[in-house]
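**Q** Quick note, the sequences are listed as chains A and B, same order. Here the first sequence stands for residues 539 to 975, where the numbers follow the working numbering. Here the second sequence stands for residues 6 to 315, where the numbers follow the working numbering.
The set of hints was computed from the structure by calculation and includes no laboratory data. Treat the hints with care, as some may be off.
As the list claims (entries may be wrong) - Derived DSS-like pairs: lysine-lysine, alpha-carbon spacing no greater than 25 Å straight-line:
no.: 1; chain 1: A; residue 1: K599; chain 2: A; residue 2: K628
no.: 2; chain 1: A; residue 1: K773; chain 2: A; residue 2: K964
no.: 3; chain 1: A; residue 1: K964; chain 2: B; residue 2: K85
no.: 4; chain 1: A; residue 1: K972; chain 2: B; residue 2: K70
no.: 5; chain 1: B; residue 1: K85; chain 2: A; residue 2: K773
no.: 6; chain 1: A; residue 1: K788; chain 2: B; residue 2: K167
no.: 7; chain 1: B; residue 1: K70; chain 2: A; residue 2: K773
no.: 8; chain 1: A; residue 1: K958; chain 2: B; residue 2: K85
no.: 9; chain 1: A; residue 1: K886; chain 2: A; residue 2: K694
no.: 10; chain 1: A; residue 1: K817; chain 2: B; residue 2: K167
no.: 11; chain 1: B; residue 1: K93; chain 2: B; residue 2: K242
no.: 12; chain 1: A; residue 1: K817; chain 2: B; residue 2: K153
no.: 13; chain 1: B; residue 1: K167; chain 2: A; residue 2: K796
no.: 14; chain 1: B; residue 1: K85; chain 2: A; residue 2: K972
no.: 15; chain 1: A; residue 1: K801; chain 2: B; residue 2: K167
no.: 16; chain 1: B; residue 1: K167; chain 2: A; residue 2: K958
no.: 17; chain 1: B; residue 1: K242; chain 2: A; residue 2: K628
no.: 18; chain 1: B; residue 1: K153; chain 2: A; residue 2: K801
no.: 19; chain 1: B; residue 1: K70; chain 2: A; residue 2: K655
no.: 20; chain 1: B; residue 1: K167; chain 2: A; residue 2: K750
no.: 21; chain 1: A; residue 1: K750; chain 2: B; residue 2: K85
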Amino acid sequence: MRTSKNVYRAGVIAAAVAVSAASLSACGSSSKPGTSSGTKASGSTSFTYWSMWQQNEPQAKVIKKAADDFTAATGIKVNIQWQGRDVITKLTPTLRTGSSADLVDQSVNALGALVAKDETTDLSGLYGTTIPGESQTVGQVIPDSYKPFLNDKSGKPFIAPYEVSSEGLWFDASKFPDLAANPPKTWDDLLALFAKAKGMGLTPLAVPGDDKYWVLLTLQRELGTDGLKKLASDKTGAAWDDPNVLKAAKLVQDLRDKGDILKGYESSKSIDEEGDWAKGQAAFYLSGTWVPSEAAPNATAGFKFDSIQLPALDSGNTDTGINFFGFAVPKTAKHSDAAEKFVAFFMKKEELSGISTQALNLTPRADIDPPAQLASMSKALTGTVYADQGHLSVDYADWTNKMLNPEMIRLITGQDDAAKFVANGKQGTIDYWKSAS
Amino acid sequence: MTSATVGVRRGRAKGSPLARRRRRVFGPFLAPALILYTVLFMVPTGYSFYASFTSWDGFSNPRWKGTLNYDHLTHDPAFKDAFFNTLKLLFGCGIFLFVLSFAFMLMLREMKGRRFIQGFIFLPHIVSGVALAAFWDFLLNHDGMLNKGLHSFGLGPVDWLKPQWQFNAILLAIVWINTGYYVTILMAGVDRIPPYYYEEAKLAGTNSWQRFRHITLPMSWDVVGTAAVLWTIGTVKIFEFILAFSGSQGNLPTTNQWTSAMYVYGETIGGTSPIYDFGRACAGAVVTLVAVVVVVVVLRRVTSRDRLEL
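Based on the provided sequences and hints, a complete structural model is requested.
**A** Here it is, written out as structure tokens:
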């Protein structure tokens, strides 16, 4: 027989080590301080591109073809690595240890952290570059209304967009043939539309239990474009006392109370609801430009994808939110010259058209026809646009993740009513800023 | 002092020739592991402890900010959620898991085909957490297998995954995933107990509970203690199941479903617009580490017994 003191000691050490390893693997560490700009070459014969797409995605196929065409035309080799959506996460440690990528792509929002830390290259030169074989520059084919959202805080462009996205209320145009031409102009018109859907034997709405769009976009319509930012930035919480916040929340609560949403939605995810909507179980689904391509495999025969925007409310706001996916050049890139040449090449109408024809998404070029499913959305984006979702996820990412998103989900799933949503939002914002300061 | 005495003393000090040779190779054998361990574990641990006192975004150099990150944690509702959810996993799941594992162990001990059943319940432990999360969702969602089953009996549907219940579904899944693993560990301890103890106890007229209480438990107590420590350490690493089960299309789960590991992820590189607050994340990790070390120390004290050499 012997005592277990050694086991005790070993247990403590093992615990300490294992927990450290677990927790610190996410913290990570690097002993190499600071970043430095890479040595920029002027006649690079190759460059490395980390892409947000997986190889089998349509966007990847369009990009791969452009890269092959580019190599054939210029002799510059493109080393593409299909990194997936967390490409920026993978890029981050390389910014401290020396660049691994000369070119990356992601959404404006995901690139936001790099931009905020001044880790991307000013693309003014690229914007002034003439697109090969065309007479216009890169900057000239991008609509001026988009440009404020493509610049860093000093007004210099950091992203060259190749895909544009937005949100809308999706429906099957074979069931509502005149709707795109005559969208509801008021909230009452919208409710009348839902009543019409009910008359056709359809549940009006498919809404995922983790949905934020209904609350967010209704608030946006009620408060105006800057209203959401006020909710986030007012440290006293007084912005939540605006009666229009309660009014917007009440409109959303009423949708739920009236039973306009597919049963069981509280315990569903967006992918489930999108599928149910495409199978014809509900008439409308509020979501992004990816819906037609994503939902197509589940769609009933003859399903014709189309969308409308939510109607104006008290603020009169009819703007359309806009989001971009595009290229950025990390500051540490050693072959930025070749990377920028490729971007200019990809912006050619001939190459970029693939994003519309193959990937079924919108491009920033007005002279490329949108896919039929996105024609209404494309038209909406020719009007006034604003940074998608009020840019909250970049400017107030922490507040949005911790405060707003959970509260919006509590409202849409009926855990809280409109009054509680406002009370929680106010107190939560006060508490957030107290702890953040 | 005679030379003989000196010789004896030297001999005692250095031991036998075999012991001396063993001592000589001890260093060279230990060094590579020690170096690797220091570089891969101790240095990052130390650096993270330092980073917890800084403002650090992972890009630029950390800036010293004293204990502000720790102050923040005391006010941060997301950290409170994460910390209490980790405790729920540790104690809530832990108690349920160990009771269940003991029940399985007792049932399997004398059962025919026990290896097959043991393998069957062990299976979830070796499957990827992401695949298990997909299965769990497939089972419990509104149109899932469970509700379809209920429907065939004219019952339901039940919103198993409504937000108020979602973390409970996670707790249940964690028990399901881990039961087989802990049954295997406990069985290994029980298998060492000589059968004649049980035979004699049976002859003495004991029932199953008495045999469990007076033979199984005391004679496998050290294994139970080690399993409890393993579980404690394991709980702070539970992460991918929750992310895959409750997150959606790159979005983080809502904070009421965060655990300590999820907090570290959410404060750094998680979500569609990451926050990159490595300093605060490291502070959260350090607090969790300290809490776990305390729990482990208490556990070892509580479960400390003289071990029986069988």
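**Q** Would you check the hint for B:K85 and A:K972, treating anything up to 25 Å between C-alpha atoms as holding?
**A** The hint holds at about 15 Å.
**Q** CA of A:K972 to CA of B:K70, is that 25 Å or under?
**A** Distance of about 17 Å is within 25 Å: holds.
**Q** Taking only the CA atoms, is the gap from B:K70 to A:K655 under or equal to 25 Å?
**A** Distance ~19 Å between B:K70 and A:K655 Cα, so the pair holds.
**Q** Between B:K167 and A:K750, is the straight-line Cα distance small enough, at 25 Å or below?
**A** With a Cα-Cα distance of about 16 Å, the restraint between B:K167 and A:K750 holds, given a limit of 25 Å.
**Q** Please verify whether A:K773 and A:K964 have alpha carbons no more than 25 Å apart.
**A** holds, 9 Å
**Q** Taking 25 Å as the top limit, are the C-alpha atoms of B:K85 and A:K773 close enough?
**A** holds, 21 Å
**Q** Would the hint linking B:K70 and A:K773 be met if the CA-CA limit is 25 Å?
**A** holds, 22 Å
**Q** Is the hinted pair A:K964 and B:K85 satisfied, with a Cα-Cα distance of at most 25 Å?
**A** holds, 19 Å
**Q** Take the C-alpha atoms of A:K801 and B:K167, compute the straight-line distance between them, and say whether it is at most 25 Å.
**A** holds, 12 Å
**Q** Does the structure keep A:K817 and B:K153 at a Cα separation of 25 Å or less?
**A** holds, 18 Å
**Q** Given the hint that B:K242 pairs with A:K628, does the C-alpha gap stay at or below 25 Å?
**A** Status holds; Cα separation ~21 Å.
**Q** Hey, B:K167 versus A:K796, does the alpha-carbon distance stay inside 25 Å?
**A** holds, 19 Å
When each numbered hint is compared with the structure, no violation occurs for any of them.
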